[in-house]
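Colleague: Generate the whole structure from the sequences, applying the supplied hints.
Those sequence lines, one after another, are chains A and B. So the first sequence is numbered by the working numbering: it starts at 3 and just counts up by one. So the second sequence is numbered by the working numbering: it starts at 3 and just counts up by one.
Hints are not guaranteed to be accurate.
Claimed, not checked - Some chain B residues close to chain A (C-beta under 7 Å, calculated; not the full set): (1) T76; (2) T79; (3) A253; (4) F274.
Said to hold, decoys possible - Calculated cross-link-like contacts (lysine-lysine; reagent style DSBU-like; alpha-carbon spacing at most 30 Å): (5) A:K206 to B:K314; (6) A:K170 to A:K197; (7) A:K301 to B:K206; (8) A:K170 to B:K74; (9) B:K194 to B:K314; (10) A:K61 to A:K301.
What the hints assert, rightly or not - Which stretches of chain A does chain B cover? Using the computed rule of at least three CB atoms under 8 Å from a CB of chain B, they are: (11) 67 to 78; (12) 99 to 109; (13) 145 to 158; (14) 221 to 234; (15) 250 to 263; (16) 280 to 287; (17) 303 to 312.
The set of hints was computed from the structure by calculation and includes no laboratory data. Virtual Cβ for every residue (Gly too), placed ideally from N, Cα, C.
Number of protein chains: 2
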Amino acid sequence: MPIFTAQQLYRLGVAVFEGAGVPRSEAEQVMDLLVESNLVGHDSHGVLRIPGYVDGILKGKIKPEARIEVVKETPTTALVNGNWGLGQVVAKQTMNIAIAKADKHDIGIVATFNCSHIGRMADYALMAVDHDMIGHCAVNAGPGVAPFGGIQRIFNQSPIGWAVPAGKEPPFVLDISTSVCAGGKIAVARAKGEKLPLGYLIDKDGKPTTDSEDYFRGGACLPLGGPVGYKGTGLAMVVDITAGILSGRGAAYLGGNRGQGVFQMAIKISAFRDVAEFKEEMGNLIRAVRNSKPSPGFKGVLVPGELELRTKEIRLEKGIEVPQATWDEIVQTARKMKVDVNRCLESFTS
Amino acid sequence: MPIFTAQQLYRLGVAVFEGAGVPRSEAEQVMDLLVESNLVGHDSHGVLRIPGYVDGILKGKIKPEARIEVVKETPTTALVNGNWGLGQVVAKQTMNIAIAKADKHDIGIVATFNCSHIGRMADYALMAVDHDMIGHCAVNAGPGVAPFGGIQRIFNQSPIGWAVPAGKEPPFVLDISTSVCAGGKIAVARAKGEKLPLGYLIDKDGKPTTDSEDYFRGGACLPLGGPVGYKGTGLAMVVDITAGILSGRGAAYLGGNRGQGVFQMAIKISAFRDVAEFKEEMGNLIRAVRNSKPSPGFKGVLVPGELELRTKEIRLEKGIEVPQATWDEIVQTARKMKVDVNRCLESFTS
Numbered sequence: 003m004p005i006f007t008a009q010q011l012y013r014l015g016v017a018v019f020e021g022a023g024v025p026r027s028e029a030e031q032v033m034d035l036l037v038e039s040n041l042v043g044h045d046s047h048g049v050l051r052i053p054g055y056v057d058g059i060l061k062g063k064i065k066p067e068a069r070i071e072v073v074k075e076t077p078t079t080a081l082v083n084g085n086w087g088l089g090q091v092v093a094k095q096t097m098n099i100a101i102a103k104a105d106k107h108d109i110g111i112v113a114t115f116n117c118s119h120i121g122r123m124a125d126y127a128l129m130a131v132d133h134d135m136i137g138h139c140a141v142n143a144g145p146g147v148a149p150f151g152g153i154q155r156i157f158n159q160s161p162i163g164w165a166v167p168a169g170k171e172p173p174f175v176l177d178i179s180t181s182v183c184a185g186g187k188i189a190v191a192r193a194k195g196e197k198l199p200l201g202y203l204i205d206k207d208g209k210p211t212t213d214s215e216d217y218f219r220g221g222a223c224l225p226l227g228g229p230v231g232y233k234g235t236g237l238a239m240v241v242d243i244t245a246g247i248l249s250g251r252g253a254a255y256l257g258g259n260r261g262q263g264v265f266q267m268a269i270k271i272s273a274f275r276d277v278a279e280f281k282e283e284m285g286n287l288i289r290a291v292r293n294s295k296p297s298p299g300f301k302g303v304l305v306p307g308e309l310e311l312r313t314k315e316i317r318l319e320k321g322i323e324v325p326q327a328t329w330d331e332i333v334q335t336a337r338k339m340k341v342d343v344n345r346c347l348e349s350f351t352s
Numbered sequence: 003m004p005i006f007t008a009q010q011l012y013r014l015g016v017a018v019f020e021g022a023g024v025p026r027s028e029a030e031q032v033m034d035l036l037v038e039s040n041l042v043g044h045d046s047h048g049v050l051r052i053p054g055y056v057d058g059i060l061k062g063k064i065k066p067e068a069r070i071e072v073v074k075e076t077p078t079t080a081l082v083n084g085n086w087g088l089g090q091v092v093a094k095q096t097m098n099i100a101i102a103k104a105d106k107h108d109i110g111i112v113a114t115f116n117c118s119h120i121g122r123m124a125d126y127a128l129m130a131v132d133h134d135m136i137g138h139c140a141v142n143a144g145p146g147v148a149p150f151g152g153i154q155r156i157f158n159q160s161p162i163g164w165a166v167p168a169g170k171e172p173p174f175v176l177d178i179s180t181s182v183c184a185g186g187k188i189a190v191a192r193a194k195g196e197k198l199p200l201g202y203l204i205d206k207d208g209k210p211t212t213d214s215e216d217y218f219r220g221g222a223c224l225p226l227g228g229p230v231g232y233k234g235t236g237l238a239m240v241v242d243i244t245a246g247i248l249s250g251r252g253a254a255y256l257g258g259n260r261g262q263g264v265f266q267m268a269i270k271i272s273a274f275r276d277v278a279e280f281k282e283e284m285g286n287l288i289r290a291v292r293n294s295k296p297s298p299g300f301k302g303v304l305v306p307g308e309l310e311l312r313t314k315e316i317r318l319e320k321g322i323e324v325p326q327a328t329w330d331e332i333v334q335t336a337r338k339m340k341v342d343v344n345r346c347l348e349s350f351t352s
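Modeller: Okay, structure coming up:
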């Protein structure tokens, strides 16, 4: 597998998007978050998205330079039409609106429709942390998950993200799908020809399967919880309601051509607690988790977000591996956009 | 097992609490929610709590007639000292504060500390539904759940509730612990001498066990998710932060003697969407779930909250079974409070 530095991938991606007609500042925002996903180990949301995003732009489905439109607003809330701009560019703006509202009124919620793929939830939730706020982001899109006791795709993988400042400790960061497995992980397993563990997927007849191909042949992902999967079903339905119905995107079962619906919230900590005390208690909790006794077979107990930080440290030093097939696709897209791939890579290796 | 009508249990419970010095209106509020829990099938939060609550009152730990105290307030938020009043009485007041704030400012969040056991999350989340709002309630208490990869109790079972109006359909109601199994269910299994399925509990050495006794001998409940239990761990930690740290109750691992911390939120739907349209889409989603194809071995797909409504219908007609041991304890408590049990039961059977 070829290995690249974050800077190499960033520079190449920015050039590719500029080649596709994306203004530099937007290209930089998108690549910033795609490369960050690779750095923290979530390759399913990294540079492998470049060809798909470019394809969306060329087909007119994703509209660079689109301006978001606030269609309904109160001091604490906003409903936003994303006008099909690049997801990352839209979702950063809408999260900033939520933060600005929380800054003035202690809580801000923004719901967005007509939005392209925004990537990882953590990126937006974390924006609130710098303002001493609790950040939340949830996304709805097309259906991929069967309800508990059912076999049809009704819900989206319904990812949710939370981020909370923790003083001297790195922020608490949760970024999970409320299904057993994110859609991106199924696609990665398929690309690598790998099996998924039993309990992740069912085939079109509702039979448990380990073959990721079954997902793409009318099967479905299972909700979080296994034997108590009604809990994951409920969590997915909450996201279907907040990020889907409240945003105006519509529920997941209505189909994937409605893009993503986004629900973002910021809560100002100082409205409730002294911020320094809050952060100290956060740090204490994080250390209590980290220092607790591991299960047999585990080296230690991880705090949500910790694995990502460790991976980032390693990848900043050793580089980011990109599977050959993914790299070939990126290069093909880059050439189509008349980008000199070698020049993008050279400038940082010399 | 003896069987009673909801009215019999209600009347008996009110008399018992009055005997313990609780004002009638508070006794009625508590019994209203305890009997409702029995009706919807969650006996772990029903009349079996009466002896424990009375014990708390007699020991001065629960303080009837206590007045809640808003210690910090903004137009959209409040931090409340529950002053150890009866949990149900406190949590109804604080949810009403959240609703009143949302009524004026579209969102309201109230966090409460020094709070006794409040019962089921659904009861408070549902209060928002009558105001065309989305309601949320989460609770933190002492530790019972190990983090993924760990064996020590760090988190509470961290229950969360959501309720959303759905027009002609009954409201969407989710009320779940973010662990595999609620604490009350472990206690019920213990009382009945029944085994729990593998994957619910570990013993004090971290070994999987089906024996509920192991939980009370230093074991722990597992987080939601099984092989992806880091997701349940993260969800529990969010509750530990919002209902525990933000409320001032403190994180679960600090111990159980801090009572419950409560996080309640109301979101006004009309700030985002036309309410009639929203409810219509909710109804459509509910029917899409209900009418979707069931898995082999399932009769149908249930919408969260639907099982509870069905159970309520049955129990309103056929009565509520109370296990003999639970009934004996209630009668014992009633006699201690000089309550004429037979009179309470008779008045509704004649």
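Colleague: Each hint should be assessed against the structure and marked as holding or not.
Modeller: Now for the hints, and whether the structure bears them out:
1. T76: holds (5 Å)
2. T79: holds (4 Å)
3. A253: holds (4 Å)
4. F274: It holds, given that the least Cβ distance between F274 of chain B and chain A is near 5 Å, below 7 Å.
5. A:K206 to B:K314: violated (34 Å)
6. A:K170 to A:K197: The given pair, whose Cα atoms are some 40 Å apart, is violated under the 30 Å limit.
7. A:K301 to B:K206: This hinted pair holds, its Cα atoms lying about 18 Å apart.
8. A:K170 to B:K74: holds (26 Å)
9. B:K194 to B:K314: holds (23 Å)
10. A:K61 to A:K301: violated (48 Å)
11. 67 to 78: holds (count 4)
12. 99 to 109: Holds, because 3 residues of the region 99 to 109 of chain A bring their Cβ atoms closer than 8 Å to Cβ atoms of chain B.
13. 145 to 158: holds (count 8)
14. 221 to 234: holds (count 8)
15. 250 to 263: holds (count 4)
16. 280 to 287: Check passed, 5 qualifying residues.
17. 303 to 312: holds (count 4)
Hint violations for this structure: numbers 5, 6, 10, all remaining hints satisfied.
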